[in-house]
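Asker: As a plain string of letters, each chain reads:
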Amino acid sequence: MQAHSLSRGSVAGLPAGSGGALPALVLVGLFFVVPVVALLLRSVTDPEPGLQNYAALFGSGTYVRVFLNTFLVAAVVTVVTILVAFPVAWMLAIMPPALGSIVFGIIILSMWTNLLTRTYAWMVLLQRTGVINRALMGLGVIDEPLPLINNLTGVTIGMVYIMLPFMILPLVGTLRAIDPMTLRAAALCGASPLQAFRRILLPLSLPGIAAGGLMVFVMSLGYFVTPALLGGTSNTMLAEMIAQTVQSLLNWGLGSAAAFVLLAVTMVLYAIQLRMVGARRLAGGL
Amino acid sequence: MRLILAGVLAGLLSATAAKGDEMVFTSWGGTTQEAQTKSWAEPFAASSGIKVLQDGPTDYGKLKAMVDAKNVTWDVVDVEMDFAIKAAKDGLLEPIDFAAVPKADLDPRFSNEHAVGSFYYSFVLAWNKGAVSGEPTSWADMFDTKKYPGKRTFYKWSAPGVIEIALLADGVPADKLYPLDLERAFKKLDTIKSEIVWWGGGAESQQLIASGEAAFGQLWNGRVFALEKDGADVGVSWNQNLTAADVLVVPKGAKNKDSAMKFLAAATSPTGQAKFAEASGYAPINTKAKAEMPADVVKGLPDAHVDGQINLDMNYWAEHRDEIATRWYAWQTK
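Protein chains in written order, with the numbering used here: chain A, 1 to 286; chain B, 1 to 334.
Take these hints with a grain of salt, some might be off.
20 angstroms max Cα-Cα, derived DMTMM-like pairs, lysine to aspartate or glutamate [stated by the list, open to error]: (1) B:K147 / A:E144; (2) B:K187 / B:E204; (3) B:K229 / B:D190; (4) B:K156 / B:D322; (5) B:K146 / A:E48; (6) B:K193 / A:E144; (7) B:K257 / B:D21; (8) B:K146 / A:D179; (9) B:K70 / B:E135; (10) B:K229 / B:E278.
In case anyone wonders, no lab produced these hints; they're calculated from the structure. Just so you know, these numbers come straight off a predicted model, no measurement behind them.
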């Protein structure tokens with residue numbers, strides 16, 4: 001709603017009540033724009049003016065590797081999140097509304113629980129001496145504990161869990177908007193359930209998948225806590241690398257440059273998302 | 001320009017500085033800072049009337065940002081000694097006012113112009129008795145996956161310790177450790193890399209060993225001491241224990257410098273050091289402290305294990321900190 005009135009207001013003069021947005025704009029300017037500009041400037045002035053920080057960044061095998069790894073993790077997380085979220089969203093879309101709102105409530109509730117607590121809970125479940133491995137070994141399914149933590153598996157499980165609501169919510173919106181008659185029509189024309197899914201449901205739900213997927217991907221790129229706790233050092237993601245650069249090496253310039261590159265990539269992706277699904281759809285879907 | 005930028009950053013990072021009869025002490029949190037609060041800050045506040053506010057955890061990036069911005073909100077900070085030497089060289093620290101801080105009884109290994117000792121500790125080899133059969137006795141055993149299978153845990157960050165352990169395990173004599181042969185150390189570490197679980201903080205190291213998630217580890221002796229106190233079934237080998245120290249520093253431009261110096265005097269006093277050592281299992285840096293401590297506590301200190309003890313070279317590390325850290329993180333992420 002806000003987005004609509006703002007974009008219309010720019011043509012027809014300020015809409016009534018837009019003065020109320022001023023404190024919010026000042027807040028965003030002061031606490032978001034100013035630090036980002038400061039960060040950018042720092043990356044080209046610290047320790048001396050020039051682009052040496054960016055040269056060091058792209059010239060360093062470590063940073064390039066961590067960059068690539070960050071994208072890999074974000075991609076894996078996004079794909080798995082879509083695969084898990086789709087059935088849940090579909091179930092929510094076709095459920096009776098009363099039951100649906102309860103399930104919805106449960107999903108939202110998980111978002112209100114502290115991120116660190118949820119990540120530690122996964123550590124307890126996934127570690128070698130954790131609940132899952134103990135149970136499987138007790139049942140005689142495995143002899144050796146499965147390596148579920150300190151690797152890509154752990155990061156993926158922990159992050160998918162956190163990202164699921166961000167995928168389910170836009171997807172439910174899209175799926176609910178699909179006329180169920182289209183599926184019935186497909187069945188009447190002799191389409192198998194798989195064909196109906198592939199040729200009707202999937203194409204129609206693509207905007208929701210794209211919106212949710214890009215959101216999950218972008219959020220995953222900057223993730224810190226979960227990869228740091230559930231991943232191994234070979235899964236180090238950029239956010240952790242930046243923290244090390246600043247805290248351990250005291251290299252604010254290089255850290256700023258890395259942060260800025262990450263921000264730039266994120267903004268490009270966000271621009272693509274806006275073009276693909278439109279800001280209105282995005283705002284409505286959330 | 002840089003000052004304005006740094007000012008914005010530091011302003012966003014920090015709360016308001018302590019004023020008047022207050023000062024801010026920053027340390028690493030957890031059981032260590034609790035012991036420092038009880039042994040130093042509370043008695044000091046009672047006797048001097050200066051209120052000691054606690055902050056943490058120590059963050060070197062933040063410290064530098066504060067000093068750069070000339071907006072320093074920390075008055076005394078507990079840091080690792082190699083960082084202190086480097087930071088002093090970079091002009092980030094106030095010199096210690098030894099007119100206010102009595103120097104005569106301080107262990108000269110852990111004090112210099114810009115820092116006084118906070119406590120000193122040893123890295124020791126600890127293991128979960130339920131997860132290990134036999135008794136590992138040297139760092140070489142931690143690299144012997146045939147004789148001692150299981151995960152090993154080491155300190156995650158680039159800091160004195162793990163490199164030296166790898167070299168000792170590879171047969172480098174203790175007196176030939178420096179200059180560090182990084183190539184050789186990483187090659188040795190490569191042989192067990194897939195078996196390593198890293199710990200990032202003291203509580204994590206305790207959890208890993210106590211649960212058996214890692215069978216052995218390189219731990220701070222104070223953390224093993226706390227595990228034993230809690231009744232955990234852990235074994236410990238002091239052979240080749242590696243000493244390092246935390247020191248207390250005053251960041252350049254600290255607002256309550258005089259109070260900070262008085263605090264340092266109290267923290268490094270025999271009584272302050274004895275109380276802290278008793279609470280934490282770390283060793284005092286005041287040579288008179290042991291006289292004030294119970295005999296059984298003295299027995300558990302690194303001081304009681306000087307046989308085969310190796311002092312990590314803080315000056316070497318201060319000089320090569322960045323270079324080693326760059327290689328370290330590159331190796332880790334590979």
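Asker: Taking the hints in turn, state whether each one holds.
Answerer: Each hint, compared with the structure:
no., hint, in the structure
1, B:K147 / A:E144, "holds (18 angstroms)"
2, B:K187 / B:E204, "violated (26 angstroms)"
3, B:K229 / B:D190, "violated (35 angstroms)"
4, B:K156 / B:D322, "holds (16 angstroms)"
5, B:K146 / A:E48, "violated (52 angstroms)"
6, B:K193 / A:E144, "holds (19 angstroms)"
7, B:K257 / B:D21, "holds (11 angstroms)"
8, B:K146 / A:D179, "violated (63 angstroms)"
9, B:K70 / B:E135, "violated (53 angstroms)"
10, B:K229 / B:E278, "holds (12 angstroms)"
Figure legend: structure checked against the earlier numbered hints; hints not met, in rising order: 2, 3, 5, 8 and 9.
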